[in-house]
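Chemist: Hey, can you work out the whole structure from these sequences and the hints?
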Amino acid sequence: MMGRGLRWPRLATSADRRIEDAQGRHEKADAFRRTMMPHMEAAYNLARYLTRDASAAEDIVQDAYLRAYRSFDGWRGEAAKPWLLTIVRNCFLNKVGGAAERLTGRPVHDYIGELPSELIDVGTPESLLAQKNEATMLRATIEQLPEPFRETLILRELEELSYKEIATIAQVPIGTIMSRLARARQMLADLLLPETSRKARQ
Amino acid sequence: MSLHPDKLLLIHGLVDGELDAANTIAIEAHLKGCVDCRAELQQIRTVRDMLAAAPLHERAPEGLYKRVNFMIDAEAGPAPRRSAASGRPSFEHGRFAWAGSGAVAHVFSGRWASGLVTGLIAASLLLAVVMPQLTHTDMEDQLVQSHVRSLLVGHLVDIPTSNRHVVKPWFNGKVDFAPPVPDLADEGFPLVGGRLDYIDDHEIAAIVYRRRLHVINLFVRPAHTLALPGGEVTRHEGYSLSRWTGGGLEYWAVSDIDPADLKLFRQVYVSRATP
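Note that the protein sequences, when read in sequence, are chains A and B.
Each residue of the first sequence is one higher than the last, beginning at 1 in the numbering used here.
Each residue of the second sequence is one higher than the last, beginning at 1 in the numbering used here.
If you are wondering where the hints come from, they were derived from the structure by calculation, not from laboratory data.
By construction, the Cβ of each residue, glycine as well, lies at the ideal position given by its N, Cα and C atoms.
Misleading hints may appear alongside valid ones.
Pairs of lysine-lysine residues, derived as DSSO-like cross-links and limited to a Cα-Cα distance of at most 30 Å, are as follows [as the list claims (entries may be wrong)]:
(1) Lys32(B) x Lys164(A)
(2) Lys95(A) x Lys66(B)
(3) Lys263(B) x Lys164(A)
Which stretches of chain B does chain A cover? Using the computed rule of at least three CB atoms under 8 Å from a CB of chain A, they are [stated by the list, open to error]:
(4) 11-19
(5) 47-54
(6) 65-78
(7) 140-151
Modeler: So, in structure tokens, the structure goes:
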């Protein structure tokens, strides 16, 4: 190539350094946009189901992208989506503050057995089905799942992440994710499926 | 609960494709003989089918994209050299020589302080030296960028329709070849529409399909005479790309779906594309 010999002697001037800094920053911005912007929908979706509130979800996603950008130098080329969603989840936990133990604290076996009372009060499947839109009904049903089951279900069924990726995001062992997912699906089956097609329970 | 609670997580693992071969064989053997666990499996599938059938994703508002983009701009600071950076990137040597002279022209037009002259020339030379080294992934770069752009700027399709009989004639007169547009909805790849795009300064047809909520851009252009027959699915910056040729056309499928899903897409498309 031409210019290789011309290029090196010029690199020492301060103007060159300024240009290179600016160029480096823009290369970082470009790389960040390429890798992280395609996961905006996933980020918003997770934030929305975690907060159950549209404007709170927007705040969290914006906050998460800012943090992600500032720590982008620490991104080592691993799968971008779980990396970003981990930050989204942390932003959510920061925002809700003391309520963080809802996502992390309670051991899973607490829920095995009877459904939590908050699930029983929200309305029967019949009354929910009366809502004209099935998707609306399903969303509402998912939103009623207690954490950490809702989070696990969203990451698996809507974002299609692997057990390992979900475990990384939630910072728990894979076995815990498997239990939570099984429990979340059982809760949904109890809420959504008519008695006849539901698996017999003891 | 299941009569075999020890099997419950394995059944879920089977449904999710998370089991290794030994566990898969073991649980499948157990399922053959256990009515209870088969009912459990059926229930899991029913719930999953319900979730997959409904549009459950909460869509991010357009304003959020704008705010995040603005924020990244602010974090990145002022642009170093807009003349070379704007527009579609092309890594051809000739183009960069041109872009470089554009930058020089900018300098002499007096927009830049004279102290920056050498810097700018050095910057454009730097580009001329560094960029051509990327040419081996040039095509993949451009396709991924085109795919990302189609998702970002709200310009996914020019002709939004799930009717293949609308998409195919739409390309007539816009490109000088006729890309097959088979209906793949029953295979889980509904048609979204068509778009005209540019790669290497040539028009290329983009047919857009979906896999659940993931977008697949299928780029089609006439095959070069020396084009190799297709290869495996490759990964590029987190995206899956699959390339193949057939009937004098070259196909590139780009998406963020799993490589296995993209491979399936290719198989389904190829089998349906030939009438």
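Chemist: Please go over all the hints and tell whether each is borne out by the structure.
Modeler: Hint by hint, here is what the structure shows:
1. Taking the CA atoms of Lys32(B) and Lys164(A), the gap is near 28 Å; set against the 30 Å cutoff, the hint holds.
2. Pair hint Lys95(A) plus Lys66(B) holds up; C-alpha atoms about 23 Å apart against a cutoff of 30 Å.
3. Between the alpha carbons of Lys263(B) and Lys164(A) the distance comes to roughly 23 Å, so the proposed pair stays at or under 30 Å and holds.
4. Counting residues of the region 11-19 of chain B whose CB lies closer than 8 Å to any CB of chain A gives 4, which reaches the minimum of 3, so the coverage claim holds.
5. A count of 6 residues in the region 47-54 of chain B with a Cβ less than 8 Å from any Cβ of chain A is obtained; the coverage claim is therefore met, three being the minimum.
6. Here's how the region 65-78 of chain B fares: 11 of its residues keep a CB closer than 8 Å to some CB of chain A, so the rule of at least three is met and the hint holds.
7. Counting residues of the region 140-151 of chain B whose beta-carbon sits less than 8 Å from any beta-carbon of chain A gives 4, enough to reach three: the coverage restraint holds.
Hint violations for this structure: none, all hints satisfied.
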